[in-house]
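K.L.:
Spelled out, the chains give:
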Amino acid sequence: MTGFDLIATHLPVLTVVIPLIAGFLTPIVGWIDRRLPWYWVMLATLVILLITLSNLATVINSGTIHYKLGGWNPPFGIEYVIDLLNGFVCLIIAFIGFMVAIYSKESVKKEVPGKTTQFYTVFLLLITGLMGMTITGDIFNFYVFLEISSLTAYALIAMGDRGDGVVASFNYLIMGTVAASFILLGIGYLYAVTGTLNMADMHNLLPDIYENKVVLAALAFFMAGFSIKVGLFPLHAWLPDAYTHAPSTASALIAGLMTKVGVYAMIRFMFGVFTPAFVIDVNMTEILTWAAALAIIVGSVLAIAQSDIKRMLAYSSISQIGYILLGFGLVNVIGITGGLLHIMNHAFMKCALFLVAGAVFYKTDIRNIYQFQGLGKKMPITTTVFLIAALSMIGVPGTVGFTSKWYLALGSIEADQWIFVAVILVSSLLNIVYFWRIFDNIWFGHPHEIENIKRDEAPLTMLIPMVILAILCVFFGFFSGAPIEHIFEPLATTLLGLGGVP
Amino acid sequence: MTGILDVVYAEYNYWIYVALMMIGFYAMIAKKNLIKKVIGANIFQTAIFLFYVSLADITGGTAPILPHVHGGEHVEHAADVIYTNPVPHCLILTAIVVSVSTTAVALALIIRIYNEYGSLDEDVILAARKSLQPEFSEYARQKSVDEVSRQ
Numbered sequence: 034m035t036g037f038d039l040i041a042t043h044l045p046v047l048t049v050v051i052p053l054i055a056g057f058l059t060p061i062v063g064w065i066d067r068r069l070p071w072y073w074v075m076l077a078t079l080v081i082l083l084i085t086l087s088n089l090a091t092v093i094n095s096g097t098i099h100y101k102l103g104g105w106n107p108p109f110g111i112e113y114v115i116d117l118l119n120g121f122v123c124l125i126i127a128f129i130g131f132m133v134a135i136y137s138k139e140s141v142k143k144e145v146p147g148k149t150t151q152f153y154t155v156f157l158l159l160i161t162g163l164m165g166m167t168i169t170g171d172i173f174n175f176y177v178f179l180e181i182s183s184l185t186a187y188a189l190i191a192m193g194d195r196g197d198g199v200v201a202s203f204n205y206l207i208m209g210t211v212a213a214s215f216i217l218l219g220i221g222y223l224y225a226v227t228g229t230l231n232m233a234d235m236h237n238l239l240p241d242i243y244e245n246k247v248v249l250a251a252l253a254f255f256m257a258g259f260s261i262k263v264g265l266f267p268l269h270a271w272l273p274d275a276y277t278h279a280p281s282t283a284s285a286l287i288a289g290l291m292t293k294v295g296v297y298a299m300i301r302f303m304f305g306v307f308t309p310a311f312v313i314d315v316n317m318t319e320i321l322t323w324a325a326a327l328a329i330i331v332g333s334v335l336a337i338a339q340s341d342i343k344r345m346l347a348y349s350s351i352s353q354i355g356y357i358l359l360g361f362g363l364v365n366v367i368g369i370t371g372g373l374l375h376i377m378n379h380a381f382m383k384c385a386l387f388l389v390a391g392a393v394f395y396k397t398d399i400r401n402i403y404q405f406q407g408l409g410k411k412m413p414i415t416t417t418v419f420l421i422a423a424l425s426m427i428g429v430p431g432t433v434g435f436t437s438k439w440y441l442a443l444g445s446i447e448a449d450q451w452i453f454v455a456v457i458l459v460s461s462l463l464n465i466v467y468f469w470r471i472f473d474n475i476w477f478g479h480p481h482e483i484e485n486i487k488r489d490e491a492p493l494t495m496l497i498p499m500v501i502l503a504i505l506c507v508f509f510g511f512f513s514g515a516p517i518e519h520i521f522e523p524l525a526t527t528l529l530g531l532g533g534v535p
Numbered sequence: 350m351t352g353i354l355d356v357v358y359a360e361y362n363y364w365i366y367v368a369l370m371m372i373g374f375y376a377m378i379a380k381k382n383l384i385k386k387v388i389g390a391n392i393f394q395t396a397i398f399l400f401y402v403s404l405a406d407i408t409g410g411t412a413p414i415l416p417h418v419h420g421g422e423h424v425e426h427a428a429d430v431i432y433t434n435p436v437p438h439c440l441i442l443t444a445i446v447v448s449v450s451t452t453a454v455a456l457a458l459i460i461r462i463y464n465e466y467g468s469l470d471e472d473v474i475l476a477a478r479k480s481l482q483p484e485f486s487e488y489a490r491q492k493s494v495d496e497v498s499r500q
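If you're matching them up, the sequences are chains A and B in order.
Under the working numbering, the first residue of the first sequence carries the number 34, and numbering increases by one thereafter.
Under the working numbering, the first residue of the second sequence carries the number 350, and numbering increases by one thereafter.
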């Protein structure tokens, strides 16, 4: 009966409140001493990580957590809901946030000189926005957090390359505003027909009025809005520039998390606000699978054409988002399991790859992959991490990428969509093509250059998170059985079962 | 018999919102000037505010304030009076704040773009970026390989 009990009931909301308050205190911390914000952000993200772990444990042990803000009951007040799905997404956000926070020290000092305090303030606010989007059970509250995360992302990207970063950020802002406005309109339509803003309440009220054209229009607006947010293929135009020109730390954070949370929101709206039966009925899932298949192929092909490593990774992100959405579009348990797995796996892999790109840039100022010759000798640990993450991206057995692709392929077979199996295989081959160019340059680069290269590894604060992520890539490659059985498959079943699909 | 005009007139507020939204959307996509894009975004968002606010209105409704709150008679009165729905107004108040901050960020970015490129025209900026940073094409790769072998 002490202070801890008092806090324990408020743990769900603290995942949002802590980064928010810590974010606004960062300028004061930075004013006391300029080196402090890094420790401050590490502390804040570590605390969030611990809280999300405890939340997830509570969910696994005693079921979904409902937290009423201010004690108001759900249909009227705002409610935070943590179930298995968003508990797991929160954990990924907190974990990647913590890893990137550790990494950021040297990289931010170099790439955003003199503005570290501002950078860390926005960093924490971005985490606030993402956490809020994930955790909330109120549809309008979701929109507010979506805008918080978008605005902070614009600011982070604008801190990147002089000129280019700002233009990329502006383009993203215009696209992001269109997306957010569509989502706001969709929310308005649903509010007009149901009179509620609570997601669970809406989920119960909507099935009676599915013939109403307004509901269909709302679904269309949501899907269009989220497709822009996640960078689904025909609407991806903002993504490569934004990822390429942001500071390395911000790229890793945004590439690892922003699109994942967008995908999570898409799933939440498709299965948690509408019902799977309705979404299948209006052919939305079929459209989604075909768009995803197109994204997989086109993203990989465009990645081959790039020579800037960050731009290449950005195009590869577009194709990986395709994998995740393909899994969800198939709407069977195996496919959705694959999609969920790929959310986690892609967060690890892509974050690790962007961190490597940042470390290489930190040491050598090089981003063009054709100048990577001899890097294998200069930065052996960094390049090994790159090798592991890239192999995982290709889907070599023994890495996480293999498991999720395997499930996606099985899901496609179960749905009798053999064409998507072919798409997955072809895309894996294309992945080999674009990563092989880099392997080739790193390890088999020009011989007479290599002889006078000295070992010059990235600093320890950069190496630790990269190595941890690489280890996780391999660890979950070998030991993914237990999490799949206990978390992902039940999750997929509940997601589909929510709407009572036959 | 209802003609098309009657249909339009019966719900003219929604038609206005759709028209405004399309104007804003067009400006965001088609205009080359960055400031005009931001203005387009503002029109777009204002149209959505209009939609929400007209959603809230009920014919003959008054402001949702309970009469005689201090007197204690409000319980009897509350049932007779028709109130407009206050929730969309609150929602849109939040959305207006969001819209203002988006505009602020956009204008801040535009100032930095102008300082960097000396223009607000999209085409000029694109041309300037191309000339500043040549894409590393196959040609550039060949050149860097040649340079290395010459050393």
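To be clear, the hints were calculated from the coordinates, so they are not data collected in a lab.
Please read all numbers here as calculations on a predicted model, not as lab measurements.
It is possible that some hints are incorrect.
[What the hints assert, rightly or not] Ranges between beta-carbon positions, derived for each pair: (1) B:Ile445 - A:Lys101: 40 to 50 Å; (2) B:Ser403 - A:Val500: 34 to 44 Å; (3) A:Phe57 - B:Asp472: 34 to 44 Å; (4) A:Trp323 - B:Ala476: 32 to 42 Å.
[Unchecked claim] If you want the ones that stay clear, here's a sample from chain A, every Cβ over 10 Å from chain B, calculated: (5) Ser202; (6) Val211; (7) Leu218; (8) Leu230; (9) Ile471.
Here a beta-carbon is modelled for each residue, glycine too, at the ideal position from N, C-alpha and C.
K.L.:
Provide an ascending list of the numbers of those earlier hints which the structure does not satisfy.
P.N.:
1, 2, 5, 6, 7 and 8
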